Amino acid sequence: MSTTDYSNLFAKETPPAPPGSSDADLQLTDVWYKKEHEIFIRLQGHPRILRYHGWDIKRGLLFDNHPNGDLLEHLLKHRDSPPSLSDRLQWACDITEGLAFAHSRAVIWVDVNLQNVLLSDNGRAVLCDFAGSCLLDLPGQARRLPFEYLKCQILPAMVMRIPPYPHAKIWEGPGSPYPYPDWNWTPHFDRFSLGIILFCLVALRFPHSTYLFPRDIDEQYKIYQLHQSETFDTLGEVPSTKPLRLSYRSALELSIPVLTRFLKILKLHALPCLPMPHSCRIRYLMSKISFHYCRRNVDGVFIPLCKPEKANSKRTRNSIVCLDSL
Numbered sequence: 001m002s003t004t005d006y007s008n009l010f011a012k013e014t015p016p017a018p019p020g021s022s023d024a025d026l027q028l029t030d031v032w033y034k035k036e037h038e039i040f041i042r043l044q045g046h047p048r049i050l051r052y053h054g055w056d057i058k059r060g061l062l063f064d065n066h067p068n069g070d071l072l073e074h075l076l077k078h079r080d081s082p083p084s085l086s087d088r089l090q091w092a093c094d095i096t097e098g099l100a101f102a103h104s105r106a107v108i109w110v111d112v113n114l115q116n117v118l119l120s121d122n123g124r125a126v127l128c129d130f131a132g133s134c135l136l137d138l139p140g141q142a143r144r145l146p147f148e149y150l151k152c153q154i155l156p157a158m159v160m161r162i163p164p165y166p167h168a169k170i171w172e173g174p175g176s177p178y179p180y181p182d183w184n185w186t187p188h189f190d191r192f193s194l195g196i197i198l199f200c201l202v203a204l205r206f207p208h209s210t211y212l213f214p215r216d217i218d219e220q221y222k223i224y225q226l227h228q229s230e231t232f233d234t235l236g237e238v239p240s241t242k243p244l245r246l247s248y249r250s251a252l253e254l255s256i257p258v259l260t261r262f263l264k265i266l267k268l269h270a271l272p273c274l275p276m277p278h279s280c281r282i283r284y285l286m287s288k289i290s291f292h293y294c295r296r297n298v299d300g301v302f303i304p305l306c307k308p309e310k311a312n313s314k315r316t317r318n319s320i321v322c323l324d325s326l
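Residue numbers (full-length UniProt numbering): 1 to 326.
Treat the hints as calculated values from the structure; they're not laboratory data.
Please read these numbers as outputs of a predicted model, since none were measured by experiment.
Glycine residues also receive a C-beta, built at the ideal position from the N, C-alpha and C atoms.
Check the hints yourself; a few may be wrong.
[Claimed, not checked] Just the calculated beta-carbon pair ranges, DEER-fashion:
hint: 1; residue 1: H78; residue 2: P47; range: 22 to 30 Å
hint: 2; residue 1: E73; residue 2: I217; range: 15 to 23 Å
hint: 3; residue 1: A24; residue 2: S86; range: 32 to 40 Å
hint: 4; residue 1: D80; residue 2: T234; range: 19 to 27 Å
hint: 5; residue 1: D23; residue 2: R205; range: 21 to 29 Å
With the hints as extra help, turn the sequences into a complete structure.
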């Protein structure tokens, strides 16, 4: 019988509350960190989710250790000799698969970015850091840390998603958190950020930028303004094809998880192109899938250049719960 060597695990410590925090803030902080514990218990058993070993009172949350680091660090470190397209497409599938599983467990990741995607020993992507995530069916959960944390911590800049400005209007429409102040996240938030991640993995740059990780505050604001005006970057033009937008308006389509369908399309049309010469691979990929990472009214995040399969199973419609309808 094998036993786990807990000394080699990664321990995520629970930081103390800021000085001067009220009793209510202390209680909210405790709820915040317990929420991540509950989320990882719910997500255990999936190969694309970081393996969780429990909460040690002295050490904190215990996870598998992945010394290879995160994908953003890996891509920046190898910018002169980037990973192959086949590796990057595999990571795209891994991330989409993990996020689809999280949504199937009523978990909204919220903090979707490449810094929260670890690289395993076998070169596969593993999702981590669900501290800021939202459980859709958990009433009274702490959606964010108390305001005191914002006054004592230096918040990170944009990390593989959107500029750190008031950006909720990007998702204005049914199910949008805007303009509500309680940060009531929806799955649309995750899919917007996932679309940007996929764009970055294919193009090796951030949308509307020549850099993978734009640090300039003016450039970040420019990207924000472009997204606000619904101006989206593209991977390239293929004149011989016209994009067919996925729509999820009918009751039949709404019963099918968006990410699960997109993952199937990605595996079906992106991965088979890998044995081709590099130039042919890129052209084939662009002719089949173009990532449209945001849209007002959020009836679909991506523009696959192929028609989705129609669901013809009554069992499928009844057994799968679509989070878009919540």
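Each hint, compared with the structure:
no., hint, verdict
1, H78 / P47: 22 to 30 Å, "holds, 24 Å"
2, E73 / I217: 15 to 23 Å, "holds, 22 Å"
3, A24 / S86: 32 to 40 Å, "violated, 51 Å"
4, D80 / T234: 19 to 27 Å, "holds, 25 Å"
5, D23 / R205: 21 to 29 Å, "violated, 47 Å"
Violation of the numbered hints given earlier is confined to hints 3, 5; the remaining hints are satisfied by the structure.
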